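If you read the sequences in order, they're chains S and C.
Quick note, our numbering runs 12 ahead of the 1-based positions in the first sequence.
Quick note, our numbering runs 22 ahead of the 1-based positions in the second sequence.
These are computed hints drawn from the structure, not numbers from a lab.
Being a predicted model, the structure only gives us computed values, none of them experimental.
Wrong hints could be hidden among the right ones.
One side of the interface only, derived from the structure: several residues of chain C facing chain S at Cβ under 7 Å [to be verified]:
1. 30
2. 33
3. 61
4. 64
5. 65
6. 66
7. 114
8. 125
9. 127
Straight-line alpha carbon distances no greater than 16 Å define the calculated EDC-like cross-link-like pairs of lysine to aspartate or glutamate that follow [stated by the list, open to error]:
10. C:24 x S:56
11. C:122 x S:56
12. S:52 x C:29
Per label pair, the in silico range of CB-to-CB distance [said to hold, decoys possible]:
13. S:27 x C:34: 22 to 30 Å
14. C:88 x S:38: 34 to 42 Å
15. S:63 x C:36: 46 to 54 Å
16. C:100 x S:79: 43 to 51 Å
17. C:62 x S:30: 26 to 34 Å
18. C:64 x S:27: 24 to 32 Å
19. S:52 x C:38: 36 to 44 Å
20. S:110 x C:38: 34 to 42 Å
21. S:50 x C:67: 44 to 52 Å
22. S:77 x C:64: 20 to 28 Å
Yeah, the Cβ is synthetic: ideal placement off N, Cα and C, and Gly gets one too.
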Amino acid sequence: ETGVTQTPRHLVMGMTNKKSLKCEQHLGHNAMYWYKQSAKKPLELMFVYNFKEQTENNSVPSRFSPECPNSSHLFLHLHTLQPEDSALYLCASSPNGQNNEQFFGPGTRLTVL
Amino acid sequence: QKEVEQDPGPLSVPEGAIVSLNCTYSNSAFQYFMWYRQYSRKGPELLMYTYSSGNKEDGRFTAQVDKSSKYISLFIRDSQPSDSATYLCAMSDQYSSASKIIFGSGTRLSIRP
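Sequences and hints are given; from them, build the entire structure.
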């Protein structure tokens with residue numbers, strides 16, 4: 013595997029479900045990011061981790077809970093989501109947290125019923 | 023007024039045409055300018071990265087920044103059907119954390135064979 017991978021690629025869940033999104037980067041980077049991409053809207057940064065420490069939380073609701081066990085893996089735990097949370101969730105990595113050049117994964121298309 | 027404005031398109035041009043994609047912005051402190059290409063069902067990939075004003079060329083792609091007009095452009099020469107994708111502009115005011123990167127909402131481009 014190369015680059016940034018994300019699983020699952022598609023996820024449908026009910027509002028009472030609990031699920032997790034997984035991201036893995038094979039680039040040797042130290043910073044990882046979660047973004048939300050909704051139709052016809054700009055990318056919204058959700059969380060930033062730099063050397064496994066969370067450095068940014070852009071006022072994301074607590075129903076989204078990130079976890080970064082090491083510099084290569086990033087999770088987004090989901091619970092009691094709302095239909096408006098349906099979107100493409102993108103993971104990205106960069107050499108460090110002070111770097112504009114980010115490498116994105118293919119995303120997880122999430123649908124909340 | 024949004025910080026970054028980008029026409030969503032769709033923009034449809036015949037193969038071989040010169041394509042011009044544009045973004046305007048309001049923050050005069052922006053210094054770093056990026057263009058990402060996003061194919062359907064994929065994550066964005068960094069295409070061009072420029073600092074301050076001027077032009078940067080990479081093969082068939084030219085990025086242009088006019089800071090006096092707060093206007094950036096991406097030109098694609100000899101466009102190919104494989105260039106069909108959504109193009110996102112992004113910019114930041116310093117080589118710093120990801121939270122300072124502002125994305126446009128993307129322009130969908132279609133190249134007709």
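Here's how the hints hold up against the structure:
no.	hint	verdict
1	30	holds (6 Å)
2	33	violated (15 Å)
3	61	violated (10 Å)
4	64	holds (5 Å)
5	65	holds (3 Å)
6	66	holds (5 Å)
7	114	holds (6 Å)
8	125	holds (4 Å)
9	127	holds (5 Å)
10	C:24 x S:56	holds (14 Å)
11	C:122 x S:56	holds (11 Å)
12	S:52 x C:29	holds (10 Å)
13	S:27 x C:34: 22 to 30 Å	violated (39 Å)
14	C:88 x S:38: 34 to 42 Å	holds (38 Å)
15	S:63 x C:36: 46 to 54 Å	holds (49 Å)
16	C:100 x S:79: 43 to 51 Å	holds (46 Å)
17	C:62 x S:30: 26 to 34 Å	holds (30 Å)
18	C:64 x S:27: 24 to 32 Å	holds (28 Å)
19	S:52 x C:38: 36 to 44 Å	violated (29 Å)
20	S:110 x C:38: 34 to 42 Å	holds (41 Å)
21	S:50 x C:67: 44 to 52 Å	violated (20 Å)
22	S:77 x C:64: 20 to 28 Å	holds (26 Å)
Checked against the numbered hints given earlier, the structure breaks hints 2, 3, 13, 19 and 21 and satisfies all the rest.
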